[in-house]
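**Student:** Two independent chains are provided; combine them into the complex using the hints.
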Amino acid sequence: MRKILLICSAGMSTSLLMVNMQKAARKMEYETEIEAHPISMVKTIGAQWDILLLGPQVRFHLSDLKRTFPSKTVASISMKDYGRMDGKAVIEQVRLLMQD
Amino acid sequence: MDGFIRLIEVKFVPLAAKLGAQKHLAAIRDAFASLMPLIMAGAVAVLMNNIFFVSWGLVANFIGAEHPFILWTTMYIAPIFSAMDAGSLSILALGLCFALGFKRAESENKDALSCGLVTVGCFILCGALSRNNPLVASYITHFLGAQGIFIALVVGLIAPEIYFWAVNKGWIIQMPDSVPPAVAKAFAGIIPGFLTIFAFALVYYGFIMLTSMNVFTWFETNIQATLMQLGQNIFSILLISALIPLLWFFGLHGANLMEAVMAPIYGTLNQLNIQGFQNGIRTVGTGLNELSPWVRDSWNVYVFLGGSGATSALVIALLWISKAKEDREVAKYGLGCGLFQVNEPVLFGLPVVLNAIYLIPFVLCQPVMTLVAYYATLSGFAGPIVNTVPWTTPPILGAYLATNGSIGAALTALCCLLVAIVIYLPFVIAANNAYKKNQ
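Note that the protein sequences, when read in sequence, are chains U and Y.
Counting in our numbering, the first sequence runs from 523 upward without gaps.
Counting in our numbering, the second sequence runs from 9 upward without gaps.
Bound-form chain Y, shown alone (with noise of 0.2 angstroms):
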């Protein structure tokens, strides 16, 4: 085992190590994670309205749609949160590819501002204001929000390339130094922008020389379905679900190395989910139209329960089991932590890296809890996931809101975390007998 251990180390971890630093992944990672306030606003006032406010709400279920406060919220405030939908969840992909450009200029010590705005250029120019799509969510009109997150990934990895081969040719409008900085910055960025927004100009012309579509209409129609479909797949979600513990054994944060390929696939779906709900969609499956069985708030509702690993399950077992007052102290700090999904004290602490008596239950667990999750909500046991909480939502809790209001989401939440302590259950037992023998 330790010899296993050892070898993944020496090989493995240095590329994930590797990949975790490479500069694209990491812009990727970054932009995501610079939406957060967009997400949050948008995601925040959806969750408002879903749960007091229209009459497909939570609170409309126990009162009834036709109640007079129901009626009332219907009127005057329920508008003023799903205007809020149009100033952030809609535009998350404009948002997107400014982020990606600038934070790749920052990274290659260019001048970001410049370099983010031009990506924007490239991707509005590219065809993100038209969309007339009749078969899928046709209530969108445009590619600024979920719908336009790969192209906006794509153009934001590749004008900043072009923006920053310009620069590095020297092709740049030099000023005299009487002129101030900020002028200078501005004219420095004249010829490398233009470039970058020719060559995107002629790509827009020969897709609709070409295919007599826009890119991002050529690209729903042949790409973008396979690849959700593929996304929706069992093995894949069971294989992220896998590598993330996995990382973590090692010491490195799993779902951040992840998100890279998390946040583009299962966060559109995530988006999608939202607005289908929001437009009456109510099928789970998929298909066309229909909400998908798992998105990325699927692993912080059902699967981190206590934070990667499901270590609310094994802090449990140990406070149920171990006899080690060390254990015990650990656990009993990680209790207050998981509560709200953060479990580092207790993954370095007990520690859980590279600590081969958990290896096994740790990796196990998150791809089983995975397993009973997709199928409740592929046979519709537990809603789908319709809402967007903060991924500090206590477990359990943050299903039923997620879900908005499905108790069967909340009971399957309930059933992963019995089925992770049932996982480790043996190995704390085998790791509290050893204790015992030392004593």
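Just chain U, with the same shape it has in the complex (with noise of 0.2 angstroms):
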């Protein structure tokens, strides 16, 4: 069981690419628990999540995150798959980085 927390300004793009991740992971059956919030939260709830991906217009907070959360696996989401809301390709971009 993965928990995948997606960051971006508000919270709501990155929540349309969270119910096609959730979609995409259920076919894989690779178990996860997906959530969006917006990046003015992060430090608060951070600590709770395995892996904190960031949207790509928010990627200038990548360096700080990973120096709050030295022991987290901290990535941001390409354009590409971030433009197009491939859940897919963000799925297995974690399982890339989690090694599973």
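Honestly, the hints are just simulated from the structure, not real lab data.
You can take every hint at face value.
Lysine-lysine pairs mimicking DSS-like chemistry, simulated, CA-CA at most 25 angstroms apart:
hint : chain 1 : residue 1 : chain 2 : residue 2
1    : Y       : 177       : Y       : 31
2    : U       : 610       : U       : 525
3    : Y       : 19        : U       : 602
4    : Y       : 340       : U       : 545
5    : U       : 565       : U       : 525
6    : Y       : 31        : U       : 565
7    : U       : 525       : U       : 588
8    : Y       : 193       : Y       : 177
9    : Y       : 444       : Y       : 340
10   : U       : 602       : Y       : 331
11   : Y       : 26        : U       : 588
12   : Y       : 118       : U       : 588
13   : Y       : 118       : Y       : 177
14   : Y       : 444       : U       : 602
15   : Y       : 118       : U       : 594
16   : Y       : 445       : Y       : 331
17   : U       : 610       : Y       : 340
18   : U       : 610       : Y       : 333
19   : U       : 565       : Y       : 26
20   : U       : 602       : U       : 588
21   : Y       : 26        : Y       : 118
22   : U       : 588       : Y       : 19
23   : U       : 594       : U       : 525
24   : U       : 610       : U       : 545
25   : U       : 588       : U       : 565
26   : Y       : 118       : Y       : 193
27   : U       : 549       : U       : 602
28   : Y       : 445       : Y       : 340
29   : U       : 594       : Y       : 26
30   : U       : 565       : Y       : 193
31   : Y       : 26        : U       : 602
32   : Y       : 333       : U       : 602
33   : U       : 594       : Y       : 31
34   : U       : 525       : U       : 549
35   : U       : 588       : Y       : 31
36   : Y       : 19        : Y       : 31
37   : Y       : 340       : U       : 602
38   : Y       : 118       : U       : 565
39   : Y       : 333       : Y       : 444
40   : U       : 525       : U       : 602
**Tutor:** Pasting the structure below:
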């Protein structure tokens, strides 16, 4: 079971991606818990998640978040996958990062 | 063109990214974001009253202010929603300085709750509870709301620094291990809290001695008006309008990055407009006791039509002209999201980001739309913004509601959309021709 936190400015566009990722994960029978939240919430709730994924539009927070959560996997989503709201590709990115 | 884009990407983007991640700016942004529940609670209450229940409301305009329904709601319903104001919009500055102290401490790994509370203390002792200004907005008797935003911002940035300084010096009361952690934590804040509040007491004392005014009154008389007028200067507004899509072109959330500037100035003006309107102010202008022509929501309802860069216009132009199947797919998906002002699928999917074809119209259309809407409001064709609507309100409807039912505002938003379509059109045609040639 992987807990995935998606982060963007207001948590709106990542929630679109969240739905697609949940569908893709179910198809792959990869157990996940996924939520989308605004960047302003990350420092408060970030510690409860296995992997933090940033939307490309807020990727400038990447180094700061890596510093705040040194034990977590923090990464940003590629513009291409994000634009297509490609749930499958992002799940694959997660599996690659977590080596599942 | 590609060389130019690469140059900006190397020089400009890291700078923007650095600014975006800067701790104080991030705290300002996050603090304003955390005020959302308060802002929206107050905004919805005002909206309900302004549309349905008061004699100057939208419904009253149609059925007459003397209609029994309006007389009844004015008496029995409107007071409930008016009462909400005192606990929401009227305490924004108080909420802001707490949130700032809290968020700053969070990012420095200090006790956030203590730091937030101490910051509130400093804010209050500067004189937040006593406002008496016969010239500007005399109906407001304290600085806990929009009138106190700037001081809340300054106090919210300085007070935590003093607090951290004392903590980092190690000036904390250490408790033996047998004391429960929660108690020990509270004791740890005692000396830093005392020093911070003492420092602000000195500031308060200094202001009273030197100017016979408290910090708030001094700021209001000497600086606030100038700052607000600078904010209403068309060039400041155009600059922000142009920077947002420019940042977005490089895939950075422009509005999010600019929020640290937009929220204190234009957000404050937004609240002042709402309060002014409720208190019977109707004239538009940049003077005392007038409604500002350009506020935070002006961008949402006139410029970000479908999201930053007015991508609704781009999507419409694409569906009209483009023959490229992939582009049409993105546009169709983008049309739905764009209805609620979400446009990442278009920006990253088409893409607009780092796509040289769309650089010019994407960056140009926002300032042009801003000009149209600014002068439409200043001339009185469109009503001023007097309600807050959620930024996800569909285009045109947003303008109508935010201006409390100004048809001119809805037409202005429509006009802005048409202008943006005209700006995008030649570039969509060019992209389509290039596509046809490749086929």
